[in-house]
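Student: Each protein sequence line maps, in turn, to chains A and B. Read the first sequence against our numbering and you will find it ends at 118, with the numbers running on by one and no gaps. Read the second sequence against our numbering and you will find it ends at 152, with the numbers running on by one and no gaps.
Keep in mind the hints are simulated off the structure, nothing from the lab. Treat the hints with caution; some may be incorrect.
[Claimed, not checked] Result set (SDA-like, lysine to any residue): computed pairs, CA atoms no more than 20 Å apart in a straight line:
{"hint": "1", "chain 1": "B", "residue 1": "Lys81", "chain 2": "A", "residue 2": "Ala28"}
{"hint": "2", "chain 1": "A", "residue 1": "Lys46", "chain 2": "B", "residue 2": "Arg46"}
{"hint": "3", "chain 1": "B", "residue 1": "Lys81", "chain 2": "B", "residue 2": "Lys108"}
{"hint": "4", "chain 1": "B", "residue 1": "Lys64", "chain 2": "A", "residue 2": "Ala28"}
Here's the letter readout for the chains.
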Amino acid sequence: GESVGLHLPTLSVQEGDNSIINCAYSNSASDYFIWYKQESGKGPQFIIDIRSNMDKRQGQRVTVLLNKTVKHLSLQIAATQPGDSAVYFCAEKDGGTSYGKLTFGQGTILTVHP
Amino acid sequence: NAGVMQNPRHLVRRRGQEARLRCSPMKGHSHVYWYRQLPEEGLKFMVYLQKENIIDESGMPKERFSAEFPKEGPSILRIQQVVRGDSAAYFCASSPPGTPASEQFFGPGTRLTVL
């Protein structure tokens, strides 16, 4: 079946650097994409989302980019902090449903060194 | 406003026993989703419920698994005759009616270990 996946399973950065986490998706019918942060022993925490009719959305220190031509999604974190260390998941919403049935990618482990 | 609550946080069962996982959605939320997460993997959708109704159970195994969301009380994910392969973290998420998926709030999860 169609799925969402990630290029890099791990990413290590220095505090203050910018981080970029990538995600490839295969379902061209997906209409909504979300990035989640999951810390050890906790549930996923919503970071930022983007609709399929947009190509960029910015939040506080985070930016999500969507390239529908190559079916690629990225999360950029500016001035990465140790507290950003976690597993990051992209997820897509099934465009054929009106409810939040999400398909998650495998995850990228972000480690921020002080 | 308390977040999504799940209990127990950790559950240990022997093969063949039953596991009951509970999820209390955020106040005012009438939609509940259950997901399963195996070690080092992303979450996998299991079931979507509204009050007293199962809307989509396409991710639920056909046997031994059931879910409910009664008019009163928490949502329950029930696993009968557990096997070692059921060991995983089970997360529920809730959302109010009429909102997109981004309004889905996750609980802390129940970590099930089958011995």
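Student: All hints are to be evaluated individually against the structure, with a verdict given for each.
Tutor: Hint-by-hint comparison with the structure:
1. Lys81(B) x Ala28(A): Since the Cα atoms of Lys81(B) and Ala28(A) sit roughly 17 Å apart, the hinted pair holds (cutoff 20 Å).
2. Lys46(A) x Arg46(B): 10 Å, holds
3. Lys81(B) x Lys108(B): The hint is violated at about 26 Å.
4. Lys64(B) x Ala28(A): 35 Å, violated
When the structure is compared with the earlier hints, violations turn up for hints 3, 4 and for no others.
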